[in-house]
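There are 2 protein chains.
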Amino acid sequence: MQQSFSIVIHGGAGAITQKNTSADLQQAYTQGLQQALNAAYAILANNGAAIQAVKTAVMALEDNVLFNAGRGAVFTKKGIHELDAAIMNGATLQAGAVAGVRNVRNPVELAEQIMLYSGHVFLSGQGAIDFAMKQGIALAHDDYFFSQYRYDQWIAIRDSEFYQLDHKADTLVGRDKKLGTVGAVACDMHGNIAAATSTGGMTNKKYGRIGDSPIIGCGTYANNQTCAISCTGHGEIFIRAVAAYDVSCLMEYKGYTLQQAMDETVKHKLTNLSGDGGMIGVDAKGNTAWAFNTLGMYRAKRSSNGIYEIAMFT
Amino acid sequence: MQQSFSIVIHGGAGAITQKNTSADLQQAYTQGLQQALNAAYAILANNGAAIQAVKTAVMALEDNVLFNAGRGAVFTKKGIHELDAAIMNGATLQAGAVAGVRNVRNPVELAEQIMLYSGHVFLSGQGAIDFAMKQGIALAHDDYFFSQYRYDQWIAIRDSEFYQLDHKADTLVGRDKKLGTVGAVACDMHGNIAAATSTGGMTNKKYGRIGDSPIIGCGTYANNQTCAISCTGHGEIFIRAVAAYDVSCLMEYKGYTLQQAMDETVKHKLTNLSGDGGMIGVDAKGNTAWAFNTLGMYRAKRSSNGIYEIAMFT
Chain A
1 MQQSFSIVIH GGAGAITQKN TSADLQQAYT QGLQQALNAA YAILANNGAA
51 IQAVKTAVMA LEDNVLFNAG RGAVFTKKGI HELDAAIMNG ATLQAGAVAG
101 VRNVRNPVEL AEQIMLYSGH VFLSGQGAID FAMKQGIALA HDDYFFSQYR
151 YDQWIAIRDS EFYQLDHKAD TLVGRDKKLG TVGAVACDMH GNIAAATSTG
201 GMTNKKYGRI GDSPIIGCGT YANNQTCAIS CTGHGEIFIR AVAAYDVSCL
251 MEYKGYTLQQ AMDETVKHKL TNLSGDGGMI GVDAKGNTAW AFNTLGMYRA
301 KRSSNGIYEI AMFT
Chain C
315 MQQSFSIVIH GGAGAITQKN TSADLQQAYT QGLQQALNAA YAILANNGAA
365 IQAVKTAVMA LEDNVLFNAG RGAVFTKKGI HELDAAIMNG ATLQAGAVAG
415 VRNVRNPVEL AEQIMLYSGH VFLSGQGAID FAMKQGIALA HDDYFFSQYR
465 YDQWIAIRDS EFYQLDHKAD TLVGRDKKLG TVGAVACDMH GNIAAATSTG
515 GMTNKKYGRI GDSPIIGCGT YANNQTCAIS CTGHGEIFIR AVAAYDVSCL
565 MEYKGYTLQQ AMDETVKHKL TNLSGDGGMI GVDAKGNTAW AFNTLGMYRA
615 KRSSNGIYEI AMFT
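Chains A and C are the protein sequences, given in the same order. Just so it is clear: in the first sequence, position 15 is 15 by the numbering used here, and no numbers are missing. Position in the second sequence counted from 1, then plus 314, gives you the numbering used here.
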């Protein structure tokens, strides 16, 4: 019997409801998720590696201005874009992560280069940009990251001490309480799994704030023995809960299934800490799962055993 | 019966051997450890909180030029000092961490301010320095962080592509293969536990490299239900192994004792990944433990039930 393969992606969680999402927007999100999902699925169907599939999916979402990552990243307090991303290969436990970079078109691509060529796991700030330039990663001018919608979000709160998780504002896209991040997890034909996550963080963030997305074990984790996980939500709480690795440990040490473990971490541990958000996961048999404690999560999955689902509401 | 209280500290692990450590240096290290240990113990004996005890111990080690943290931090590729630290309160799961800050006299103090007052968990770079200034944290001129020994370490390799884990060089202090970081874990009279870690990272590090020390779950973790852990070693591997939280999960999900869990993580998981280093731990009953897979680790522990030990070799 051939190993089944699968891909799951997310584009953020939060108060995503039918009432607050116009038909046009529903269609735009659906299209964006579908495009990323199918690009990654094609790689898996063509005997490609899980690590390649998650990178491809995340790059597609980074390039889509609808999602808070790459091109669609929110503005910081200083009116710039500081991007975070991570990637992990479950076959080797290799990992790469980057925090607080500017002008990098696809932060997940930089995370992969860090994993493969830096001798390190986690680079940050100007140093990470230096490494990106050395590796010849595609850079982009500030204008590339400009969108009127993100700018308006920022203008509305920049003179305050407030910051907001993406999609938390009562504004054009999505209206209320959505926590912006994108991510992907995949299992390939060889039973290798991988995870990747990318984000622009919180609108009006300051002080070089780093959330959970680039933190291995918190926002991103992959291990062939257990699971590949990508999270989205209130990053501070996901860090304190070491959310992604908690799922892995529940599987490794308590024998939970992927879905049981994710439900335990999201619906009990994170909820008890008032940690809003969600996560997606795969295991090395190609099983897929998602869990969230918010009203919705942009999400999609597709697997070789016939699963094909795109959803955003509960 | 009164709850027993305890403190454990470390000043780095590596190829620390009697042969490579002069009598004078042994005495200097012993004194440095003793001073930090006793300052923290006095707080606990006076009904102080674990979080206060670990901060006090780490600040004492940061102020001691022998250890690679705070004042004794190594030089980066650019000839500066970039400091990382984290602190976590096991009673509340609150955490604070900072990466890549310059000119902050006691990075662990900044980590605590981040935990208490920033609304975030993890700040980095210039933004973290801005926050330090806002909070009135003590800053120090570059000269404060200068030591001839660290400078010579750096000069020897700055024009190469090499970087080194602290104490890895065949130089004055310690000679060979020591992995520099300082840390403390404590259990107070009320059964609350805490952990803190601080480091200058690797000599000649570049690209804004972040190791495991400031990563919650990797180099630092505390949870009253399980353990408080502070790690030292090859940070990249400790991140990939999510080392500190792995110990916690082995206790929570498999019922291991503190020492069993730490041995499993250090002697099996980390060793299998060629991850040199060690860790210290306490649980909420005041039990203490350390584990390392290197030739030595600067370490000390003291508890209200009579344990008092300062050691550096195997």
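These aren't lab readings, by the way, just hints derived from the structure by calculation. Every residue gets a Cβ at the ideal spot worked out from N, C-alpha and C, and that includes glycine. Careful: at least some of the hints might be erroneous.
As the list claims (entries may be wrong) - So the derived list for chain A, only partly shown, Cβ under 7 Å to chain C, looks like this:
#	residue
1	ALA39
2	GLY79
3	ILE80
4	TYR117
5	VAL121
6	GLY125
7	TYR151
8	ASP152
9	TYR207
10	GLY208
11	ARG209
12	ILE216
13	CYS249
14	GLY255
As the list claims (entries may be wrong) - Mimicking EDC-like on lysine to aspartate or glutamate, the simulated pairs with C-alpha atoms at most 20 Å apart in a straight line are:
#	chain 1	residue 1	chain 2	residue 2
15	C	LYS581	A	GLU252
16	A	LYS206	A	ASP152
17	C	LYS583	A	GLU252
Do the hints match the structure? See the list:
1. ALA39: 28 Å, violated
2. GLY79: 14 Å, violated
3. ILE80: 11 Å, violated
4. TYR117: At about 11 Å, which exceeds the 7 Å cut-off, the nearest Cβ of chain C leaves the hint on A/TYR117 violated.
5. VAL121: Hint on A/VAL121: holds, closest Cβ of chain C at ~5 Å, below 7 Å.
6. GLY125: For A/GLY125, the interface hint holds, since the closest Cβ of chain C sits about 4 Å away, which is under 7 Å.
7. TYR151: With a minimum Cβ separation of about 21 Å from chain C (threshold 7 Å), the hint on A/TYR151 is violated.
8. ASP152: Where the cut-off is 7 Å and the nearest Cβ of chain C is about 23 Å from A/ASP152, the hint is violated.
9. TYR207: Holds. Min distance 4 Å.
10. GLY208: Given a least distance of 3 Å, the restraint on A/GLY208 holds.
11. ARG209: This interface hint holds because 5 Å falls under the 7 Å limit.
12. ILE216: Given a least distance of 5 Å, the restraint on A/ILE216 holds.
13. CYS249: 4 Å, holds
14. GLY255: With Cβ-Cβ at 9 Å, over 7 Å, it is violated.
15. C/LYS581 <-> A/GLU252: 18 Å, holds
16. A/LYS206 <-> A/ASP152: Given that 20 Å is the threshold and the Cα spacing comes to 18 Å, the pair holds.
17. C/LYS583 <-> A/GLU252: Distance of about 13 Å is within 20 Å: holds.
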